[in-house]
Amino acid sequence: MTDSAESEKAPGSLTLTPELAAYLAEQVRLQVEEELRKRGLESPRPKRVALIASKGTLDMAYPPLILATTAAAMDMEAAIFFTLYGIDIIKKRTCSDLKVPSLANPAMPVPVPNIVGVLPGMTWMASWMMKDWMKKGGVPTIPDLLDMARENGVRLIACQMSLDVLGIKKEELIDGLEFAGAGAFLDYAAEADITLFV
Amino acid sequence: MTDSAESEKAPGSLTLTPELAAYLAEQVRLQVEEELRKRGLESPRPKRVALIASKGTLDMAYPPLILATTAAAMDMEAAIFFTLYGIDIIKKRTCSDLKVPSLANPAMPVPVPNIVGVLPGMTWMASWMMKDWMKKGGVPTIPDLLDMARENGVRLIACQMSLDVLGIKKEELIDGLEFAGAGAFLDYAAEADITLFV
Amino acid sequence: MTDSAESEKAPGSLTLTPELAAYLAEQVRLQVEEELRKRGLESPRPKRVALIASKGTLDMAYPPLILATTAAAMDMEAAIFFTLYGIDIIKKRTCSDLKVPSLANPAMPVPVPNIVGVLPGMTWMASWMMKDWMKKGGVPTIPDLLDMARENGVRLIACQMSLDVLGIKKEELIDGLEFAGAGAFLDYAAEADITLFV
Numbered sequence: 001m002t003d004s005a006e007s008e009k010a011p012g013s014l015t016l017t018p019e020l021a022a023y024l025a026e027q028v029r030l031q032v033e034e035e036l037r038k039r040g041l042e043s044p045r046p047k048r049v050a051l052i053a054s055k056g057t058l059d060m061a062y063p064p065l066i067l068a069t070t071a072a073a074m075d076m077e078a079a080i081f082f083t084l085y086g087i088d089i090i091k092k093r094t095c096s097d098l099k100v101p102s103l104a105n106p107a108m109p110v111p112v113p114n115i116v117g118v119l120p121g122m123t124w125m126a127s128w129m130m131k132d133w134m135k136k137g138g139v140p141t142i143p144d145l146l147d148m149a150r151e152n153g154v155r156l157i158a159c160q161m162s163l164d165v166l167g168i169k170k171e172e173l174i175d176g177l178e179f180a181g182a183g184a185f186l187d188y189a190a191e192a193d194i195t196l197f198v
Numbered sequence: 001m002t003d004s005a006e007s008e009k010a011p012g013s014l015t016l017t018p019e020l021a022a023y024l025a026e027q028v029r030l031q032v033e034e035e036l037r038k039r040g041l042e043s044p045r046p047k048r049v050a051l052i053a054s055k056g057t058l059d060m061a062y063p064p065l066i067l068a069t070t071a072a073a074m075d076m077e078a079a080i081f082f083t084l085y086g087i088d089i090i091k092k093r094t095c096s097d098l099k100v101p102s103l104a105n106p107a108m109p110v111p112v113p114n115i116v117g118v119l120p121g122m123t124w125m126a127s128w129m130m131k132d133w134m135k136k137g138g139v140p141t142i143p144d145l146l147d148m149a150r151e152n153g154v155r156l157i158a159c160q161m162s163l164d165v166l167g168i169k170k171e172e173l174i175d176g177l178e179f180a181g182a183g184a185f186l187d188y189a190a191e192a193d194i195t196l197f198v
Numbered sequence: 001m002t003d004s005a006e007s008e009k010a011p012g013s014l015t016l017t018p019e020l021a022a023y024l025a026e027q028v029r030l031q032v033e034e035e036l037r038k039r040g041l042e043s044p045r046p047k048r049v050a051l052i053a054s055k056g057t058l059d060m061a062y063p064p065l066i067l068a069t070t071a072a073a074m075d076m077e078a079a080i081f082f083t084l085y086g087i088d089i090i091k092k093r094t095c096s097d098l099k100v101p102s103l104a105n106p107a108m109p110v111p112v113p114n115i116v117g118v119l120p121g122m123t124w125m126a127s128w129m130m131k132d133w134m135k136k137g138g139v140p141t142i143p144d145l146l147d148m149a150r151e152n153g154v155r156l157i158a159c160q161m162s163l164d165v166l167g168i169k170k171e172e173l174i175d176g177l178e179f180a181g182a183g184a185f186l187d188y189a190a191e192a193d194i195t196l197f198v
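Note that the protein sequences, when read in sequence, are chains A, B and C.
According to our numbering, the first sequence is numbered sequentially starting from 1.
According to our numbering, the second sequence is numbered sequentially starting from 1.
According to our numbering, the third sequence is numbered sequentially starting from 1.
Be aware that one or more of the hints could be misleading.
The list treats identical chains as one, so a pair stands whether inside a single copy or across any two.
[To be verified] Simulated pairs of lysine-lysine, DSBU-like, Cα-Cα distance not exceeding 35 Å:
| id | residue 1 | residue 2 |
| --- | --- | --- |
| 1 | K136 | K47 |
| 2 | K170 | K91 |
| 3 | K135 | K47 |
| 4 | K92 | K169 |
| 5 | K47 | K169 |
| 6 | K131 | K47 |
| 7 | K135 | K92 |
| 8 | K92 | K170 |
| 9 | K136 | K170 |
| 10 | K91 | K47 |
Please keep in mind that the hints were generated in silico from the structure rather than gathered at the bench.
A quick note: this is a predicted structure, and the numbers were derived from the prediction, not measured.
All chains should be built: construct the whole structure from the sequences, respecting the hints.
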């Protein structure tokens with residue numbers, strides 16, 4: 001055993017040469033890698049946001065789209081799974097014309113008695129007002145948010161079961177969508193850092 | 001020190017026999033286990049889904065039940081915490097007869113003006129239509145989804161505080177439930193991979 | 001090489017002294033620290049709950065406040081991000097007077113036909129009933145829950161974009177709030193163990 005000056009003297013009777021120390025460190029690194037891999041902790045990856053959009057009203061179309069596009073701008077991965085009424089957000093015919101009822105929501109910015117809210121024209125008026133507020137507040141429109149999402153790599157996934165149940169054809173939907181079931185969403189969301197049901 | 005042919009030659013002056021390498025690797029593995037355990041990173045466990053069902057309408061009863069039963073079929077752990085109006089989903093009297101209002105939701109598949117939606121019979125009609133679509137789309141009924149959930153190990157947890165507030169007795173609820181508070185849900189969800197509030 | 005009695009005998013020809021074992025353990029600890037740090041898994045930290053409160057009705061004000069205060073009592077970190085209608089929960093004028101509509105919710109504990117639910121006074125009555133049930137069930141009022149939240153370190157964050165859109169000034173809101181955008185919420189939630197959209 002050579003006892004070179006630069007070798008670190010391990011406690012005890014064994015001489016720990018720099019080479020042996022490096023060898024042991026590598027063994028430790030490999031073992032740690034393996035144990036972490038077994039626990040599903042792979043090497044660092046981007047943060048991930050998995051959202052479900054289940055509502056088709058104008059007010060509830062904003063949260064998933066704003067959260068997903070903001071996440072994408074922060075270099076996070078993001079996907080929105082459109083299901084149930086949420087399909088309306090990605091339908092060509094409805095996406096630019098979503099509505100919010102002026103009814104059964106006492107927290108509306110301009111609350112209207114329900115007896116008035118049921119009258120014809122009130123839903124149209126509430127929807128027009130909300131679009132106007134959003135515009136003045138600098139919030140993009142729903143079609144613009146959809147464009148921003150697709151341009152920035154947000155995955156827009158249409159729930160196949162919802163399409164089947166509602167009898168909606170793919171041609172009725174906007175471009176750039178994926179089609180999948182609840183299982184695919186769960187697979188994606190199981191690796192996500194943020195999961196929200198809107 | 002024997003220097004057998006099959007022994008790996010460690011850098012430095014030390015001969016690392018296969019036995020010694022295996023011994024060191026095991027020491028490292030035990031140490032890594034211990035360090036990870038201290039950090040709460042136990043051995044691999046199934047993915048876990050923690051859901052809150054707070055709505056008692058027919059439309060919003062499907063998402064938690066479909067997500068939980070799908071998760072169970074994928075060998076994930078799943079639990080649904082029924083709270084507030086969500087208690088209706090696990091009440092004997094209401095679980096097979098949940099209703100969806102044809103009101104205040106402009107995204108209904110067959111939208112009806114609110115002035116019509118308030119009329120007697122409209123909620124019944126909307127509920128009947130939704131059940132019919134689901135049936136044609138091959139989606140199980142709510143009672144069937146509840147059975148599938150229990151048979152596949154999904155934990156169905158009734159919020160004790162909601163039962164107290166609403167004055168509902170355990171006898172009024174379906175079998176196979178657990179009873180717990182928000183704290184128990186938070187404990188479960190803190191270890192979950194997917195958490196959603198429906 | 002000394003062969004002391006207390007040293008553990010490694011297989012093969014090498015004696016692993018207690019000092020060498022300690023040296024290896026320290027190498028393992030440092031390596032585990034480093035690999036976990038790379039994966040964003042710092043030393044053990046409290047569990048964290050990140051909630052969005054987007055509804056401003058009385059019924060949907062309880063879940064985020066009850067979950068957050070319960071989490072705080074369990075030594076978890078918690079924050080609520082108030083956005084959209086949820087701003088009503090933290091407005092001085094409305095926080096103690098939130099309302100629940102007796103409309104479009106067939107799962108109300110005392111369901112009322114929608115044709116009756118639209119009548120003037122019905123929302124007031126439903127709100128009064130819900131407050132009464134909660135009181136009898138021992139659930140604190142919304143203002144009390146807000147106080148409990150602030151006293152126990154729950155972070156209450158008002159969505160700046162919502163304030164801008166709705167034209168609400170900070171003076172109109174309760175004390176002890178933070179102000180931030182969706183990006184700040186995503187940053188916080190990305191490190192959370194439980195994320196829920198109410």
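Results of checking the hints against the structure:
1. K136 x K47: within (32 Å within a copy, 39 Å between copies)
2. K170 x K91: Classified as within; 9 Å inside a copy, 38 Å across copies.
3. K135 x K47: within (30 Å within a copy, 38 Å between copies)
4. K92 x K169: Intra 11 Å, inter 37 Å, cutoff 35 Å: intra-copy only.
5. K47 x K169: Cα proximity of K47 and K169: in one copy and across copies (33 Å, 33 Å).
6. K131 x K47: within (31 Å within a copy, 38 Å between copies)
7. K135 x K92: Answer is both; intra-copy 21 Å and inter-copy 26 Å each pass.
8. K92 x K170: within (10 Å within a copy, 39 Å between copies)
9. K136 x K170: both (34 Å within a copy, 19 Å between copies)
10. K91 x K47: Classified as both: same-chain Cα gap 29 Å, cross-chain 33 Å, threshold 35 Å.
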